[in-house]
Amino acid sequence: MSGLGVADKVMLGTALLGGAAGAVGTFAVLRKRSLVGDMLAHASLPGIALAFLVISFLNREYHADLNERSLLALSAGALVSGLVGIAAVTFLCVWTRTKEDAAIGIVLSTFFGAGVVLLSRLQQQGSSGGLQTYLFGQPATMRQADVLVLWIVLAVVLACVVLLYKEFQLVSFDPGFARAQGWPTLVLDLSMMGLLAVVTIVGLPIVGVILMAAMIILPAAAARFWTERLGRMLVLSIVFGSASAAGGTLVASGHLADWLGFDPLAFGNNANLPPGPTIILAGTAVFAVSLFFAPSRGIAARLVREVRLRRKVLYDHVLRALYEESEPSLPRRPAIATSSLVEKRGWTRRQLTRLLRRAERKGWLEAVDGRVQLTATGLEQGARLTRAHRLWELFLVDQANIAIDHVDRDADDVEHLLPVELIERLEQQLSASGRLPSTPDVLPQSPHELGSFLT
Amino acid sequence: MVSEITKSDGRIVKSEAVPPAVEIHDMTVAYHRKPVLWDIDLVVPEGKLVGIVGPNGAGKTTLIKAVLGLVPLASGHVEIYGRPYRRQRHLVGYVPQRESVDWDFPVSVLDVVMMGTYGRLGWIRRPGRAEREVALRCLEQVSMRPYADRQIRQLSGGQQQRVFLARALAQDAQIYFMDEPFSGVDAATERAIVKLLQTLRGQGRTVFVVHHDLQTVREYFDYVILLNMRLVAYGPTETTFSTQNLQRTYGGRLTILDEAAEAMRRREPVS
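Chains A and B, in that order, give the protein sequences.
Each residue of the first sequence is one higher than the one before, counting from 1 in our numbering.
Each residue of the second sequence is one higher than the one before, counting from 1001 in our numbering.
Hints are all accurate, no fakes.
No farther apart than 20 Å at their CA atoms in a straight line, the calculated lysine to aspartate or glutamate pairs in the EDC-like style are these:
{"no.": "1", "chain 1": "A", "residue 1": "32", "chain 2": "B", "residue 2": "1102"}
{"no.": "2", "chain 1": "B", "residue 1": "1195", "chain 2": "B", "residue 2": "1172"}
{"no.": "3", "chain 1": "A", "residue 1": "166", "chain 2": "B", "residue 2": "1133"}
{"no.": "4", "chain 1": "A", "residue 1": "166", "chain 2": "B", "residue 2": "1102"}
{"no.": "5", "chain 1": "B", "residue 1": "1195", "chain 2": "B", "residue 2": "1140"}
{"no.": "6", "chain 1": "A", "residue 1": "166", "chain 2": "B", "residue 2": "1104"}
{"no.": "7", "chain 1": "A", "residue 1": "32", "chain 2": "B", "residue 2": "1099"}
Computed footprint of chain B on chain A; a stretch qualifies when at least three of its residues, placed anywhere within it, have a C-beta under 8 Å from a C-beta of chain B:
{"no.": "8", "segment": "166 to 176"}
{"no.": "9", "segment": "180 to 194"}
{"no.": "10", "segment": "223 to 229"}
In case anyone wonders, no lab produced these hints; they're calculated from the structure.
These numbers come from a predicted model, not from an experiment.
Cβ coordinates follow ideal geometry from the N, Cα and C atoms, glycine included.
Could you build all of it, start to finish, from the sequences and the hints given here?
What follows is the structure, encoded as structure tokens:
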């Protein structure tokens, strides 16, 4: 490790922190405790100041730089005051019936305010950087020993998560069942929170009090979009966490600008950029990409599904309309004037023309100057759809007691989504009550007059 | 007295003078100092289906949770087969209310059912092939095997209930506590659950069921617990589930108990 330059060391350090944050964040998010990290971070500030005071007093060298102080002592102070903060919230909730959100708000700002006051005073008497360091993080001051601490933290977190994976999963999913099964859920909950606390405290001098919570929540929330399995979510969250931490550090250090040949952040004054904010922004970018483009859970995938469904509904309607027009002349397939279709549904002529052209390309119908004729496949398809529609209508009228003039529209919404298995059950039920024609190939009659709807 | 206990793997364990499956002694439960269950005394023999019936807020769920140690007892104690509950926990299975968990949690149906085996596995050991097999068998028993790899959100209410039942089966317990397993399920699932309960009884297991549908109590349960903040009546369904007892259970809350409980919460004497 001694061969590392300052920039590499910083990047390695933040990446390690990001990975650890991703791991503990997974369980924090799933256990719906993501704000605990935020609380702990903000509440730690007065502890840092007090620890600094104590060390200074003991060493009688009041004018030393805050960053030079033993990280361990400051972290201990941070941890103690963070835990006092959490205890204060718990106390407020349990004993005074203050609601949890209000209690968190009160305790968080009080501790934060006290911390800022203390650190500002110390800063005037001491030297530069103290408050700034803990508000926004200052990884450039990271030493070899600090990187080592981060290695250890990551190793401990990973070891615990791997060893206690089963227990953490159970407690996060169903704490009641876990307790009934004899697991000490309080101890397990506390160890999850303890890991969260350790990662938060260690991360404070690197990304700062204000942004630490986001570093814990973002990777896990992003990872959730990509998978439905806890194990994969955990791995993804660790990867996202360290990647966005490394990426954010790269941007802040200006290395990215060197590689690109220009600096995208070259505006305003060229003050030194702390990597905390860029790490969080990198994390947000990962989250945004996940939110939009993740398969199945992402917004894009949901839009695609919605569009597909709408299109299917349109096709279904055209085919059913054509089938119902053809029905009187069956088994002959008559050529139907498109103008009669325009009257039947709420379609405009342009919409209909486009729909018919697409349906023709799918081989469902043939168009000859202004008239369309269903093909054999089209007829089969249309019969199937019409049948589902009428079965559902019959069910609504017969068994759900819905008025006949309402059923068509209700059936319109649902029938496109009915699974085959449900249609079969509908059929059995309706034929058992004698509402279906005895020959299986014949479609049931529509319960209402055809063509008299949706005008 | 000699009786036989058939374990799920077919082993028959003979034991002499089997003590009652569950004994509850003078149990009182309070939330925030306000008592919600008063002085419950119950002795339930093994191999029975026991319905827990009572109006909303009667403390049915609380009774189950208190026995399972999920809420602290203000007084009293629970014995399972004649020994303190803490030592016998491995004999007890639990089906919580379906609404008690987040069904968007990233686990598969099989993952959830395997959780039933975690108690036997103990610390750190991961479920392996044997646990997988057990879980699949339990899914089979509730006709949910084809859904093993689904994410649990994609299931219907009845299917989710079956998954919880399968998880309880995977616990391979002697005594089960089920909190409203029939709530929000379709008729097919209800029939399947009833059949399952009868199978469990046939194996000498005891099942407590919080139940809402008074119509089916006689049909489903051997014993019934009528509850309304205190034990109104308990015994074989035939004799206990009478109109008179039902009236005593559902005929309004006991206002004196209510007011006393309220006073205890406020720590003020009743005026």
